[in-house]
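Residues per chain are reported as follows:
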Amino acid sequence: MYKIFLTIRYLRKRRIAYFAIGAVTLCTAMVLIVSSVMGGFLDKLKLKARGLLGDVIVRGDSARGFPLYQELIDEIKQWPEIVEATPVIVTYGMMKFEDSPSVQTVIVSGIKLEETYRVNAFKSGLFYEQHYPGTTTFAPQQQPVVGFDDQRSARKETPEGTIILPVLPLSLADALAKSRAADTNEDDVYAGTRLNEALAEYNLPLIPGVFARGSAPELSNERPRPGFEGEPRDGAIIGRDLVAKRLRDGSYRRYDLLPRGCVVTLTLLPISDAANVDTPIKYPFRYADDSRTGIYEIDSQQVYVAFEVLQKLLQMDAGETIDGDPIPARASQIQIKVAAGVDATALARRLERHFHLYRNDERFNLTFDEKLLLERTEVVTWEESQAHYIKPVEKERQLVTILFGTISLVAAVLVLCILYMIVLQKTRDIGIVKSIGGSSAGVASIFMLYGVAIGVVGSISGSVLGTLFVVYINDIQDLLVWLNPAWQVWDRSVYSFDEIPNTVRPIEVAFIAVGGIFMATMGSMTAAWRAGSMHPVEALRYE
Amino acid sequence: MSNPLMEAVDLRKTYRMGRVGVEVLRGCSLAIGSGEFLAIMGKSGSGKSTLLHLLGALDVPNQGQVTFHDKPIYAPPTQRRFRPGVLDTFSFWEQSRIRLRRHAFGFVFQFYHLLPELTVLENVLLTRMIGTPWLRWGSRRKKYDERARSIIERVGLTARIKHRPNELSGGERQRVAIARALIHDPQILFADEPTGNLDEDSGGRILELLTGLHGEGQTIVMVTHDASVARAADRTLHLDRGVLATN
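Here the protein sequences come in this chain order: A and B. If you use the numbering used here, the first sequence corresponds to residues 51 to 593, in order. If you use the numbering used here, the second sequence corresponds to residues 56 to 302, in order.
The following block holds chain A by itself, in its conformation from the complex (with noise of 0.2 angstroms):
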């Protein structure tokens, strides 16, 4: 009894103790803060890398891609464990807008759009299909403008006229409608265009992305109808940093040059067996969509048109030699989603051994380069295909906590300096406490539950505020922006997620706060042990 009695009091009496808190409170926040960011920043990069990629991926290493891939697909389709298998090609390319003087370097992706939507998050991550549901494809089309009509546009009387406003067209209009009715608007859909500038004027409802001709409130007599206009093409979905700029603040600034069915070409290289680079092809797509994974390297290089098409303009279509016989087509992946509940690591064996069996099937006829296109395929899972992304990241995760827990032992150092000083303040209440029959044992454990004590507020307290800390992490960082913009610390507009992650797991908050509260008790077992073995005569004495 008199052992916790002791502790509280010397707790509330010795403002010393304070210290030693403030430490263990510093180090616990300290940690946290660290491990909690670090853990936010693997685990959002895990979402949005896992948001491209099926469960499972076969991929080959070659340029020229694998053959088969569709006998594959038709098969595990029937495979219980399989929901969705989807070809993908991948190359490399320029891309160049109709209006516009600059040429990028991109990454092309062919893929099947529906296909893909069943597969992974893709759909998700696509602007105006969620602005305008349904009409996102890479089918021919056409540019939508907006024009007047007399039907549907808002009138302003002014003293300079009557303004008439700018309406989407009628299909585009109606799937809008749609998609407010489901309130999937984003903040920085607006951001930016001149007609949006135009209809905040007016206090009436903007209208999300860029659309051509959209300019301005019409106070002429000329008054072009909304529809559609120029050669039909095919459409191709563009990474959001490619037609958009990233502000500061994370949100973006679409580019009024760059409006929605905008012609975009895009050049490609044609690889021959003999790895020679083909006649460059140029082709022009129409720009249907702009896509989001909230990684920059993604966003700002990938560009996604149809699987048949790419396949076509690259050679990678089925054919026939000059003698006559069959080509098989190719691609350069399939993406997998495996049922729930399903190993994916060990189905991705099962079928890299399945497919490899392909190449001795007699029903295929393979020459030898596609069979050793075929056996140079691998099978892996999403997480095995990122680990070059994500496991640098985990180990580095480790290596700061690790290194912000060593840095913590300062802490318990400081603990064993501040007790071992209140041991040698307290040494003639040591002696009276043993002169009236305190034991060792229950001496040394008043230091002991003095460091528990020190561990244990401190350690509430540091998780308490280490977890404001983290979940008010941006709201900080947005505060310290607007006391002095030089103190930005995490650069929307250079990383690859839109906010510092700010999630704060429980188990992980338990187990630093007991990390704190051992390394407080470890403190101050050297303190406890000497008080503990004082002579209660010599403490008697001391002065």
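If you're looking for bench data, these hints aren't it; they were derived computationally from the structure.
Residues on chain A that point at chain B, a partial pick, calculated with CB under 10 angstroms:
{"hint": "1", "residue": "M51"}
{"hint": "2", "residue": "D479"}
{"hint": "3", "residue": "S490"}
{"hint": "4", "residue": "A491"}
{"hint": "5", "residue": "H585"}
For the chain A half of the interface with chain B, some residues (derived, Cβ under 10 angstroms), not all of them:
{"hint": "6", "residue": "Y60"}
{"hint": "7", "residue": "K63"}
{"hint": "8", "residue": "L590"}
Using 20 angstroms as the maximum straight-line C-alpha spacing, the simulated EDC-like pairs for lysine to aspartate or glutamate come out as follows:
{"hint": "9", "chain 1": "A", "residue 1": "K206", "chain 2": "A", "residue 2": "E247"}
{"hint": "10", "chain 1": "A", "residue 1": "K162", "chain 2": "A", "residue 2": "E121"}
{"hint": "11", "chain 1": "A", "residue 1": "K63", "chain 2": "B", "residue 2": "E177"}
{"hint": "12", "chain 1": "A", "residue 1": "K63", "chain 2": "B", "residue 2": "E222"}
None of the values given here were measured: they were computed from a predicted structure. We put the CB at the ideal spot given by N, CA and C, even for glycine.
Once you've looked at the hints, dock chain B against the given chain A.
Positioned in the frame of chain A, the structure of chain B alone reads:
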């Protein structure tokens, strides 16, 4: 003395000052009867306090033995440990000495030795707090509290019950120390120069208090260098350079 309460036989104590051993007690033997008021007198450095500490089980003699109710309180000389370690708490001999200090002995020191963080009441209760397992504290707290208040009243400090030691005079502090030593009804009260740090008036009051306690049957062993204080005792022993002589 037939059937003494405590008996010391041939107590020897040597302190080490670096490589030099200083023999403080050189074979002291004495017996303390139940209800006796014994004064031990001697000059400074004669070994009075050391003898008191050995009798009160606060220190360990190099040789000799102390018995309390005919039971030895120190291990045989070859098994004695002179510096208490934390783990010694669990040894038989250390545990028995802890029990004596908790339940059978009370100490009053020259410099009061009160805990500055605690009030008068808490300082007095501390002895009971140490001697009571924490599971039983809840049920006994009220009883101990009443006992502490009555003793504090007895020493005349009821008005000061919530004061801390630094708010009390020297005499008042010594009275708190006496109250703390009495709360568990010790069989022997050891007083080490209880008036040594007080003025004449305060010292007189403390002595009065001790005499009153002795009158009620309390066994008291008091160390003093003051002959006028020693006169209050039934019997006085003189300690000269570590050797006892009867008055």
